[in-house]
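Residue numbers (our numbering), protein chains in the order written: chain C, 1 to 313; chain X, 1001 to 1320.
These are calculated hints, taken from the structure and not from any lab test. Possibly wrong hints are sitting among the right ones.
Think about it this way: if two alpha-carbon atoms lie no more than 30 Å apart in a straight line, the pair counts; the simulated DSSO-like pairs of lysine-lysine are [what the hints assert, rightly or not]: (1) LYS201(C) / LYS1004(X); (2) LYS1200(X) / LYS201(C); (3) LYS201(C) / LYS1019(X); (4) LYS1130(X) / LYS1019(X); (5) LYS1109(X) / LYS1126(X).
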Amino acid sequence: MFQSRAQKFARRYEKPNPDSRDRSEELKREIGEEETFFSLMRRMAHENKLAVFSAIVILLFILGAVFAPFLTRYSYHDMDLLNRLSAPSAEHLFGTDEAGRDIFTRLLYGSRVSLLTGVVPTILSMLGGAVLGVISGYHGGWADALIMRLADIMLAFPSMLLAMVIMYMLGGGLINVFLTLALVNWASVARIVRSEVLALKETEYVEAARVIGVPERTIMFRHLLPNCLPTMIVLFTLNVPSAILTESSLSFLGLGIQEPRSSWGLMVNAGRQFLYNAPWLSLVPSIAIMLIVLAFNFLGDGLRDVLDPYQKR
Amino acid sequence: MSGKTLEIRHLNTSFFTQKGEVGAAKDICLEVRPGQIVGIVGESGCGKSVTARSVMGLVKYPGRVVSGEILLNGTRITGISKKEACSLRGSEVSMIFQEPMTSLNPVIKVGRQVEEVLLIHKKITKKEAKKEAAKILEAVGISDVASRMECYPHQLSGGLRQRVMIAMAMICSPSLLIADEPTTALDVTVEAQILRLMKKLCEAGTSILLISHNLGVIAQVCDYVYVMYAGRIVEQGETFTLFDHPAHPYTRGLLGAAKSLRSDAGLLKTIPGVVPNLLHLPAGCSFSPRCDSCMDLCRSEMPDMLPAGEKGHLTRCWRS
């Protein structure tokens, strides 16, 4: 019987149907185990001891800040003028400062400021920066030009100087420190998110989303933004310590938190005059700053290693 | 209704590069009837994908549709607003891509991605969408749907992902599905399953425009075939007619190159020469420099689509 060429082609292509039950078993194996948040954390604990240690340090600081009134007998503004500049002892764990205030107490209360200024303005600047970055990267054109030139202007100033100018205009106080840090930091976040989005918007799944008629706003914030998350987590853990440092510097320069409230930067500055006869005044808050900054950095490293979906093993 | 799901009339899509205008799709006339699977074959860069993208309204910058009309179910879809196009995509016309590995968003659960199509195009609750999504995923041959909907794309195999893509494309039951090399990235067993699935969809009433460079795939599922070369359709006809009596030398070359896989000839048969640069097309028929039966007329004038033998079989060759 004569067979047409098309039939031959078609038959050559037809492959036997594999046993469907085998296939489903195979598929089950492909899916593998579910990765919960806790299993991820456990993996991080297993692989990166330093990150765990950092997390514990941060946790201790947080607990100290929250339960400050219960951890000490003194209050941060109680002066004991007979006991000025006393060395660390059982009575005063880290000694007292020039007004006879307990340094351990002031350190605890100061950590409230430091942790808040680390986290709150960073979240603010990341939110703002991410939204602007996504719009800038996805839309392009005039929106991109406008946002990026604005970011350029922000980045052209030395950030410390900019923060000082804004603080000077707004005046001291916690809320103003938040605003200042958010204003100073959004530009770099927007830059990074934009570059990420520029690469991501060329991917097939964005195209596929457009093919099924997903509106642009949904593409930007539901499809693109979550894909920037690994980068943003790392950025977050880098920005938190830098915000803590900036706050400390501002307070050190007298532009941030005001006496008699306590802040680590303020304490370092106050101790400066007594550096030779009572070094603990500056040393204790400096070490605290160093510890928290390092802890956030190490934790960030550890988190990135386990959370990045592109580095899955 | 005009009785045609898709009708493309004299479509020209060009890319405006710094070196000049590149005509990626020239004078494309094409139609897909309800319940038909229509194939477009051709080698890389011959304008298959550009034609498909023109239909979706998603030609990438610096390209754009220069002239011509595209009608979907008798309604003109060229020159409609962005918003209208957005509501058509996914509901009336849908597309699946070559790369199932990267066509799903890696950070959104598979089930959620399928539901999203419904939530965008239909006014239904999340719960109903979830139900519908489960139903369609089952229909495209995914077992154990409930647990698989909770998976992220990287946990699924290529075949599964392509099924999910098809489910996403089909969930609003569009009248036209454009499949741009849907099986190229898959292994042959999975390919056969996907093709069978597409045939089933077609029987359920969806017309399919299948783009492929794989003649076997085309022969297996298509009712009607268009062959493209250098941005133009060079031959069209019913699958069996075209495969049995190829009229255009390019089609003959393609079939010959594929056939030699099985014959005893030691060397693969190829078509001599390379695809011409679309910026500098030869005068006359663009295939003339590679054609083994080229005449003087071929070098000076581009032929129209001329009838070749059976009804509906047209070819762009002077020798037909």
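Item to check | Hints the structure fails to honour | outcome: The structure breaks hints 1, 2 and 4; every other hint is satisfied.
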